[in-house]
Amino acid sequence: MPISFDISPRSAAARDHFHAMAADHMRPLARKYDEEEHALPSEWVDWYWRIGRFAQPGGEGASDGFVQVCIQAEELCWGDAGLYLRTPFAGLGGSAVAAAGTPEQKQKYLAVFGDRSAEPAWGAMAITEPGAGSDSAAIETTATLDGDDYVLNGTKIFCTGGEGAATSPAGFVVVWATVDKSAGRGGIKAFVVPSGTPGMSIVGLERKLGIRASDTATLRFENCRVPRANLLGAEKVKRDDADAKQTGDKGFKGAMATFDASRPLVAAMAVGVGRAALDCVKEELAKSGVAPRYDAPPTELTAIERDLAEMEAELQAARLLTWRAAAMMNRRLPNNLEASMAKAKAGAAVTKITQKAVELLGPLGYSKKLLVEKWMRDAKINDIYEGTQQINLLIVARRILDYSSAMLR
Amino acid sequence: MIDFTPSEEQALVVDTVRQFAEKELRPLARKCEEARALPDDALARAHELGLVASALPAAFGGGGERSAITAALVAEELAWGDLALALAVLSPALGALPLADFGSEAQQRALLPRFLGERFAPGALAVAEPRIGSDAFRPATTARRDGSDYCLDGAKCLVPWLPGGEHVLVTASEAGAAQLFVVPRNAAGLIAAPDAVMGVSALPLVDLTLRGVRVPADARLAAFDVRRLVARGRTALAACGVGVARAAFEVARDYAKEREAFGSKIAQKQAIAFLLANMAIEIDGARLLTWEAAWTLDQGGDALREATLAWNQVKRIALDAADAAVQVLGGHGYIRDYLPELHLRNARGLSAFECIAYL
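Just so you know, the protein sequences line up as chains A and B, in that order.
For the first sequence, this note's numbering puts the final residue at 409, and the numbers step up evenly by one.
For the second sequence, this note's numbering puts the final residue at 359, and the numbers step up evenly by one.
Simulated from the structure, these hints should not be mistaken for lab results.
Backbone N, C-alpha and C define an ideal beta-carbon position, used for all residues, glycine too.
Check the hints yourself; a few may be wrong.
Pairwise CB distance ranges, derived in the manner of DEER restraints [what the hints assert, rightly or not]: (1) A:39 / B:138: 53 to 61 angstroms; (2) A:390 / B:260: 19 to 27 angstroms; (3) A:296 / B:155: 16 to 24 angstroms; (4) B:64 / A:53: 27 to 35 angstroms; (5) B:223 / A:355: 41 to 49 angstroms; (6) A:32 / B:260: 54 to 62 angstroms; (7) B:64 / A:388: 44 to 52 angstroms; (8) A:32 / B:138: 44 to 52 angstroms; (9) A:20 / B:302: 22 to 30 angstroms; (10) B:336 / A:388: 34 to 42 angstroms; (11) B:336 / A:299: 53 to 61 angstroms.
Chain B regions said to be covered by chain A (calculated; three or more residues, Cβ under 8 angstroms) [said to hold, decoys possible]: (12) 4–14; (13) 18–32; (14) 52–61; (15) 277–284.
Examples of chain B residues lying across from chain A (beta carbon under 7 angstroms, computed) [as the list claims (entries may be wrong)]: (16) 137; (17) 291; (18) 292; (19) 295; (20) 305.
Go ahead and model the full structure; you've got the sequences and the hints to work with.
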């Protein structure tokens with residue numbers, strides 16, 4: 001397979017399908033659920049659950065695999081990133097079950113997402129704690145074996161989709177907890193906690209700068225008891241990294257490996273928000289007769305054209321870095337470096353692009369008459385969640401320097 | 001299907017060119033820069049690799065394998081070795097490929113074979129002009145029809161002028177539209193004066209003055225399309241710029257892993273490590289933009305937008321990378337015993353050059 005930028009017909013059909021979905025079903029609700037924070041966007045959730053998730057994009061031939069997944073996410077987040085995050089999906093919790101779960105666990109937790117008779121369901125992942133953000137190894141939530149159960153105690157914050165996952169009948173939260181603090185990373189394990197499990201409660205929902213349609217929950221676990229069978233991956237505690245590597249431990253490393261798949265996806269979501277803003281700027285400028293030129297006399301090129309060209313290049317660089325990380329997954333190549341490059345670039349690029357979009361549109365950009373000011377608020381989260389820009393730069397730096405985490409802290 | 005892995009054949013070509021750049025170009029870069037001279041032996045060996053000949057039409061003895069993507073891969077590797085030497089090695093493309101793109105069969109038959117001979121034959125393409133706002137689309141140099149001739153007047157600059165060349169391709173406006181002409185180097189009224197610039201000193205560059213230069217009407221390339229010329233020129237230059245940026249990045253990375261300060265390698269300090277990480281990300285992003293422009297060219301599409309985005313991005317990130325490399329090396333970055341100061345001077349040239357490389 002050579003270097004190719006040719007989107008397969010199947011991916012192109014999927015792109016058009018999800019673009020129409022975004023334009024018809026998300027955009028009209030974007031402002032409403034930016035303002036009605038914490039309200040369930042029931043028009044979108046119900047439509048998606050009844051119809052949207054079963055609608056087939058069509059198209060023939062091979063797909064672009066993970067690149068197609070990125071293209072779809074970009075389209076939906078072009079529609080609205082907050083609503084996208086509030087969509088009844090298996091989410092990152094589902095990704096963890098899919099990556100590390102047994103066939104029984106997958107059937108038990110994931111089947112609902114293809115079940116026509118079920119109520120809307122959400123999956124979520126709970127890693128971050130008040131004292132452990134980017135430094136996930138510092139997790140303090142404990143899981144103690146008691147008979148045939150694990151007993152969870154601790155508090156998780158910034159859990160995206162946490163309200164849906166903890167309250168929908170078939171929802172579940174994948175909770176990261178340590179079974180042995182003295183073992184450091186090796187002691188960190190993931191547990192599936194089904195909604196309604198006694199001891200799991202929603203303490204609060206965050207009030208945020210943007211993506212306000214997304215339910216970002218604080219979850220408390222007080223003597224929350226789950227069967228031993230709800231542990232994802234190996235139960236044995238690995239004492240060091242070498243030991244973990246040898247035995248294919250899916251504990252802490254498992255969590256980190258899911259980032260290699262989720263970071264390109266988040267980068268694609270970021271690109272969708274950035275594109276929404278850039279498209280809008282171009283449309284508004286076109287009304288004033290301004291269109292970007294690539295053959296303009298250098299002395300006549302306006303500042304706005306220069307800004308637009310830079311925004312276009314930055315967005316496309318972010319998109320291509322994202323697609324590259326995803327294309328490597330198609331080839332089953334390790335993409336830890338490329339996933340972090342894509343995430344770092346996309347988060348930073350769309351943060352700048354959306355801020356510039358508000359600036360270029362002047363008073364109109366700052367006004368709530370348009371969605372551009374919202375996209376600027378929405379975009380910033382991409383520079384933070386799923387690993388901040390700084391954490392991703394740290395990962396990139398370690399990779400390009402061939403340094404361990406001990407050598408570059 | 002979207003993919004970013006070079007084909008096996010491309011990987012082989014890249015490997016060969018990388019070794020050539022590492023063994024034949026990089027070790028000579030500093031010496032040639034200081035001496036303001038090209039290494040004839042290295043040019044001869046580059047010619048043997050057939051890097052330009054492989055892209056020329058098979059009908060005239062070329063390889064018939066024109067690929068902008070492959071050419072971009074090659075240009076990056078050569079420029080990683082040294083920008084001046086890369087532009088010299090690739091100079092035959094300046095003379096031959098626009099002929100292949102826009103020339104008549106008669107023009108091709110007359111002029112292409114010299115690029116396919118046993119000896120290295122440089123080409124020259126004159127697009128940039130010595131004025132603020134030099135504009136490839138609207139040359140200030142004019143072409144006026146006079147009987148069976150064209151009469152050319154104006155000035156060009158930054159034209160590669162390697163010894164042994166016979167022609168130069170010159171853009172000029174005829175009734176407001178850009179045209180391309182084949183002009184013999186010894187044409188009456190054509191004056192070439194060596195120019196010195198802040199970088200790429202090994203590459204002989206000239207200012208051209210055209211005073212009533214007469215060429216026959218059939219010296220015009222009838223199928224000329226200035227958008228395509230500029231798109232190809234910008235893509236080629238972008239690929240070279242990625243090579244310069246990567247070279248600067250690697251020097252900075254390797255130095256940072258060696259240099260100690262306050263008890264650790266400076267690469268272990270986030271201030272340096274993040275600088276390097278950002279360089280690596282920007283270089284990869286710019287390379288992908290360049291590949292997209294090259295791929296669009298290979299599909300036969302109008303690639304001006306893609307080429308311009310890539311060129312704009314590369315101009316910026318190559319300068320940033322070279323500047324960062326100078327900074328990482330500190331005082332050592334400023335002295336000519338190390339390469340970053342050369343990278344910085346070369347990277348600055350990217351914004352002045354126009355169609356100084358072509359693919």
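Here is how each hint holds up against the structure:
Evaluation of the 53 to 61 angstroms hint for residue 39 of chain A and residue 138 of chain B yields a pass: the beta carbon distance comes to about 57 angstroms. Remark: the range hint 19 to 27 angstroms for residue 390 of chain A to residue 260 of chain B is upheld by a beta-carbon distance near 24 angstroms. At about 22 angstroms, the CB distance of residue 296 of chain A to residue 155 of chain B agrees with the hint of 16 to 24 angstroms. For residue 64 of chain B paired with residue 53 of chain A, a C-beta distance near 51 angstroms fails the hint of 27 to 35 angstroms.
At about 45 angstroms, the CB distance of residue 223 of chain B to residue 355 of chain A agrees with the hint of 41 to 49 angstroms. Restraint check, residue 32 of chain A to residue 260 of chain B: a C-beta distance of roughly 58 angstroms satisfies the suggested window 54 to 62 angstroms. The hint said 44 to 52 angstroms for the Cβ distance between residue 64 of chain B and residue 388 of chain A, and at roughly 51 angstroms that hint holds. Between residue 32 of chain A and residue 138 of chain B the Cβ separation comes to about 50 angstroms, which falls inside the hinted range of 44 to 52 angstroms.
Hint check: residue 20 of chain A to residue 302 of chain B, Cβ distance near 28 angstroms, so the stated range 22 to 30 angstroms holds. Here the CB-CB span from residue 336 of chain B to residue 388 of chain A is close to 40 angstroms, well matched to the stated 34 to 42 angstroms. Distance hint check: the CB atoms of residue 336 of chain B and residue 299 of chain A are about 35 angstroms apart, inconsistent with the given range 53 to 61 angstroms. Chain A is given as covering the segment 4–14 of chain B, and this holds because 5 residues of the stretch bring a CB closer than 8 angstroms to a CB of that chain, at least three being needed.
Given as covered by chain A, the segment 18–32 of chain B fails the check, having 0 residues with a CB less than 8 angstroms from a CB of that chain where 3 are the minimum. Only residues whose beta carbon comes within less than 8 angstroms of a beta carbon in chain A count, and the segment 52–61 of chain B has 0; fewer than three means the coverage is violated. A count of 6 residues in the segment 277–284 of chain B with a Cβ less than 8 angstroms from any Cβ of chain A is obtained; the coverage claim is therefore met, three being the minimum. Hint on residue 137 of chain B holds. Least Cβ distance to chain A is approximately 5 angstroms, under the 7 angstroms limit.
Checking residue 291 of chain B against chain A: minimum C-beta separation of about 6 angstroms stays under 7 angstroms; hint holds. A distance limit of 7 angstroms between C-beta atoms decides the matter here; for residue 292 of chain B the minimum to chain A is near 5 angstroms, and the interface restraint holds. Interface hint at residue 295 of chain B: satisfied, since its Cβ lies 5 angstroms from the closest Cβ of chain A, which is below the 7 angstroms cut-off. Of the supplied interface hints, the one on residue 305 of chain B holds, with its beta-carbon coming within about 5 angstroms of a beta-carbon of chain A, less than 7 angstroms.
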